[in-house]
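The listed protein sequences derive, respectively, from chains A and B.
Position one of the first sequence corresponds to residue 46 (our numbering), numbered consecutively onward.
Position one of the second sequence corresponds to residue 6 (our numbering), numbered consecutively onward.
Errors might be hidden in some of the hints.
Claimed, not checked - Label-pair ranges, simulated between beta-carbon atoms:
no.	chain 1	residue 1	chain 2	residue 2	range
1	B	70	A	302	40 to 48 Å
2	A	211	B	41	52 to 60 Å
3	B	95	A	143	40 to 48 Å
4	A	237	B	431	37 to 45 Å
5	A	237	B	78	47 to 55 Å
6	B	399	A	378	33 to 41 Å
7	A	378	B	226	35 to 43 Å
Stated by the list, open to error - Stretch-level coverage of chain B by chain A, calculated; a stretch enters the list once three of its residues show a Cβ under 8 Å from a Cβ in chain A:
no.	segment
8	71 to 83
9	91 to 99
Worth flagging that the hints you see were computed from the coordinates, not collected in a lab.
All values reported here derive from a predicted model rather than from experimental measurement.
Just so you know, even glycine gets a beta-carbon here, dropped at the ideal spot from N, CA and C.
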Amino acid sequence: MHLPSYRRYEIAPEPRMPEAKTARRVAIVGGNRIPFARSNGAYATASNSDMLAAALDGLVERFDLQGEKLGEVAAGAVLKHARDFSMTREVVLGSKLDRGTPAVDITQACGTGLQATIYIANKIALGQIESGIAGGVDTTSDAPIAISEKLRKKLMLVNQAKTGADRVKALLKIRPGDIGLDVPANREARTGLSMGEHQAITGKEWGITREAQDELTVASHQHLAAAYERGFFDDLITPFQGLERDNNLRPDSSLEKLAKLKPVFGGPDGTMTAANSTPLSDGASTVLLASEEYAKEHGLPILAYFVDAQTEGVSYVKGEEGLLMAPAYAVPKLLDRNGLTFADFDFFEIHEAFASQVLSTLKAWEDPTFNKVKLGRDTPLGAIDRSKLNVNGGSLAAAHPFAATGGRIVASLAKELSEKGSGRGLISICAAGGIGVTAIVEAA
Amino acid sequence: MSDTYLKFANSFVGKQLAPRLGLPQPPVLKRYVPGQKAVDGAVLVGQAEGGRLATAIAGVLKSADADVWTAEGPLRDAAGALDLTPKIYAPETAGDQRFQALVLDATGIAHPDELQALHAFFQPVARKLRPSGRLLVLGTPPESLTAGGRVSQRALEGFTRSAGKELGKGATSNLIYVAEGAEDQIESTLRFFLSPKSAFVSGQVVRIGVGAGKTAKVEIDWEKPLAGKVALVTGASRGIGEAIAETLARDGAHVVGLDIEPLAADLKTVTDRIGGSAITLDVTADDAPEQLAKQLKADHGGVDIVVHNAGITRDKRLANMKPETWDQVIAVNLIAPDKITLALLKGKVLNRGGRIVGVASIAGIAGNNGQTNYATSKAGVIGLVDAFSADIAAAGGTINAVAPGFIETQMTAAIPLGIREAGRRLSSLGQGGLPIDVAETIAWYASAGSGAVQGNVVRVCGQSLIGA
Ligand SMILES: NC(=O)c1ccc[n+]([C@@H]2O[C@H](COP(=O)([O-])OP(=O)(O)OC[C@H]3O[C@@H](n4cnc5c(N)ncnc54)[C@H](O)[C@@H]3O)[C@@H](O)[C@H]2O)c1
C-alpha cells in the first residue's frame with residue numbers, strides 16, 4: 046500500500062546529543078533509628094513492620110513531615126515474612142506521611158540500608174524526586190520459619206484439589222517424615238558455610254590475630270559509649286519498647302575480658318569470638334534525603350552531601366576470594382572515580398560485621414601484593430588513619446540488625462561531618478553473597 | 006597381587022581393630038587422576054634467608070594454579086611480581102589450617118647454624134600436613150659448594166629422610182638439589198613431587214643439573230607433556246611395563262611396546278588399547294639391538310624415549326646357583342639395555358633430546374638374600390646411567406633410572422607370604438607400591454620439562470627400610 050507523504054524522501058534525523066544533565070547534589074537531612082537490641086530480648090515480640098514504623102514515625106516527627114508527600118520511601122529487611130512483600134508501603138500507609146508517598150521494598154543482605162540510600166539519592170540527583178527516605182529493618186527474634194519443602198509441595202496439591210474428596214486424598218499423601226521446619230539460617234546458599242565460618246577462613250588467610258580483633262572490638266564499645274555520653278545520638282535515636290540505648294553495648298569491655306572468650310568460628314584454634322563478631326539483633330533505621338532546593342524550601346538542615354557510591358561483587362564460591370572482601374574492590378574504584386586517596390578523608394565508617402572482616406580489608410588495602418595483583422595498582426592504597434575509624438562506635442558495639450546498619454551509618458557519618466563542619470567520610474559495608482557497598486559523604 | 010591387609014586395615018572393622026591389636030595401619034595413598042590439579046590443597050612455602058629459588062617456586066605454583074601460603078616478608082612480596090597473592094601464614098593465626106604440601110627453599114643455608122631454619126619452618130606445621138601430603142626441601146648440590154655450605158647442604162638429607170619416617174598418613178618427604186643456573190628448570194620436578202603422581206616416592210634425593218638437555222622456555226602442556234614423542238617400552242605386556250606404556254600414552258606419547266614371542270597376544274592387547282605399536286623380540290637375542298634400531302628408524306624415524314623395563318629374577322643362594330641362572334639374569338637385565346642403548350646411540354636412532362630410563366631395583370642398592378645375580382644386574386643398571394651420561398648429554402638427552410622397591414605385580418605375588426608381608430610393611434608408607442607409581446616416576450623423567458634431570462637414581466619404594 047502506498048501511503049501519501051508530504052515528503053518525497055526521509056530526512057535522517059539530526060543525531061541527538063544526550064542532554065548533559067549534571068547530577069544534582071543530594072543532601073542528607075538527618076536520620077532516626079530505634080536502639081538496636083540483641084536477639085530474643087527487648088524486641089522479642091516486635092515485628093519488622095513495628096520497628097520500621099517506629100523509626101519512621103520518629104523521623105517524621107523530628108522533621109515535621111506530617112502530611113508531607115515525599116518522593117519515595119525505600120527500605121527493606123533481610124529476613125522477611127512472605128506476607129510482608131510490600132512492607133515499606135504498608136508502613137508508609139500507617140505513618141503520618143501523606144498516603145500518596147510511594148514506597149518500595151529492596152534487599153541486598155547487609156548492604157540493604159546503604160543500597161536503599163543510594164537508590165533514593167540517585168533519584169534525587171537525577172531530578173526524578175525531590176525528597177525521600179531510605180531505611181532498613183531486621184529482626185532475628187521474629188524470623189520467618191517455613192515448612193519443609195516436601196510438606197509445602199504436598200500442601201500446594203491440597204490447595205489445588207477441586208473437590209473435598211480430592212482434598213482428603215491429597216492430605217493423606219502427607220507422611221510424618223514430610224513434616225519439618227525450614228528455619229532461615231545465616232548461611233551462604235552456595236557454600237553451606239555461615240558468614241562467620243567464611244570470615245574465619247578469610248581472617249586466617251590474611252593472618253589476622255585474635256589480639257588485633259579484640260582491640261578493634263574494645264575500641265568500638267568505648268567509642269559508642271563515649272558517643273552516648275556526649276549526647277551524640279540524642280537527635281539520631283528514638284527510644285522503643287523501653288530501650289534507650291543499644292543493649293549490646295558494653296562500656297566496660299576490656300582486652301582482658303575479651304581474651305577469656307572461647308572461639309566461635311574457625312575451630313578450637315580460631316580467633317573469632319562472640320565478642321569480636323556481631324551478635325544477631327533487632328532494630329530499624331531511616332535517613333531523610335532531599336535536593337538542596339527542597340531542604341531550603343522546607344527549612345530543613347543539611348548535615349552533609351551524599352556524593353557517590355560503588356557496589357562490587359566478588360566470586361567466592363570456590364574460595365577465589367573471601368566472602369566479605371568485596372569492599373576491598375569497591376573502594377578503590379570509588380576513590381579513583383572521584384580522584385581521591387585515603388588522605389582526603391576525615392572519617393571512615395567501616396561496618397564491623399566481624400572485627401576480622403574490617404582488619405582483613407584494611408590489610409588488603411595496605412598489602413603491595415593484593416594491590417598489584419588484584420587491584421592492578423603499583424602503589425598500594427595504603428593504611429587508613431585508625432583514629433578516624435568508626436569514631437562513634439561500630440556494629441560490634443551497636444550490634445547489626447542486617448538491613449538497619451546502612452541507615453545507622455549514613456546518619457551517624459552525616460552528623461560527624463556536620464559537627465566537624467568540613468571534610469569527607471567513606472562508608473564501606475560488606476554483605477552476604479560476596480557483595481560490597483561503599484559510598485562517599487561530604488560535609489555541607 | 007592385591008594387598009588384602011591394606012584393604013582390611015582401611016575397612017570399618019579394620020580401622021577399629023588394627024590399632025587395638027597393635028597392627029600396622031597402612032594408609033590408602035592418594036593417586037593421580039587425569040585432569041586433576043598438580044597439587045590439590047594449600048601449599049605452604051618458606052625460604053631460609055638468602056635462598057635463590059623463591060621466584061622459581063612461586064612461578065611453578067602460579068602455573069599449577071596452587072593455593073599458596075607464605076609468611077609475610079620478602080618471599081610474599083616477591084610473589085606479587087609473578088601475579089600471585091599468597092595467603093598469609095603465621096603460626097598464631099593459622100588455626101585449623103591444614104596443608105597439602107610444605108616447601109622450603111633451603112638454598113640460602115650456608116652454615117650449620119642456619120640449619121635452624123629447618124626446625125623453624127617445619128616444626129610448627131609438622132602436624133598440619135594432610136593425608137598423602139608432601140614435604141619438600143630444595144637445596145644446592147653439596148658437591149658444587151665448599152666449607153659451611155657444603156656441610157649444611159649435605160645435612161639436609163638427614164632431615165628429609167627422617168621426616169619421611171615421622172610424617173605418617175601417606176605423606177612423603179623428599180629433597181631436591183637444584184644446581185646454580187638451573188632455577189628455571191624445576192617445574193616438571195616440583196610438579197611431580199607435589200602431586201599424587203609421586204605417591205610412593207619418599208626419602209629420596211634428586212638432582213636437577215645444568216645439563217645439555219636444559220629445557221628451553223617452551224610452553225609445556227602439563228596434561229600431555231609427551232605429545233608427539235615416540236617411546237619404546239621393553240617388557241610392556243604386563244606388570245610394571247604395561248603401566249609404563251599406559252602412562253606414557255596418557256601423557257601423549259606414541260608407545261612402541263616390546264615383549265617376547267610367548268606374550269605377543271598380551272602385548273597386542275596392551276598396545277591396541279593405547280593406540281601404540283608392538284614389537285615381538287627377545288632383547289637378549291644377538292641381533293636384537295640392530296633389529297630394534299632398524300625397525301624404530303624405519304617405522305617411526307627414530308625414538309625419543311627408551312624405557313628398559315624387561316627384567317627377570319632367578320633367585321638362588323649363590324652356593325646353589327648354576328652358571329646359566331646367573332647368565333640369564335645378567336643378559337636380560339643388564340647386557341640387553343647396555344647393548345640396545347649403544348646401538349640406538351650409534352645409529353643415531355635416539356632423537357635429539359632423547360630420554361633413556363633404566364629400571365634398577367632396591368636389591369641393586371641394598372643387596373638381597375638369594376639375589377646375587379639379580380642385584381648385580383640391577384646395580385649394573387645404575388652403572389649404565391653413569392657410563393652413558395656423557396654420550397647422551399652430548400645428544401642433548403638424559404639418562405636416569407628408577408629403583409622400585411616392593412611393587413604389587415606377578416613377580417612379587419610369587420614371593421612366599423611371610424617375606425611378602427615383610428616387604429610390604431617394612432617401609433615408611435607401610436605398603437607395597439603399584440606399577441603406576443613406577444610408571445609416573447618414569448613419565449617425570451621422560452617429560453619435555455625434565456631436560457635438566459640427569460643422572461638420577463630414584464627409588465620408588467615408599468621409603469623402604471631395606472637398603473640405603
Ligand atoms: N615388581 C617389583 O617389585 C620390582 C621391584 C624392583 C624392580 N622391578 C623391575 O621392574 C621391571 C618389571 O618388573 P615386573 O614386576 O613388571 O615383572 P614382570 O615379570 O611382570 O614383567 C617383566 C616383563 O619383561 C618381559 N621380558 C622378560 N624377559 C624378556 C626378554 N628377554 N625380552 C623381552 N621381554 C622380556 C616379560 O615377558 C614381562 O612381560 C623388571 O626390570 C624388574 O626387575 C620390579
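request  = Taking the numbered hints from earlier one at a time, note which ones the structure violates and give those numbers from smallest to largest.
outcome  = The structure conflicts with hints 3, 5, 6, although it agrees with all the remaining ones.
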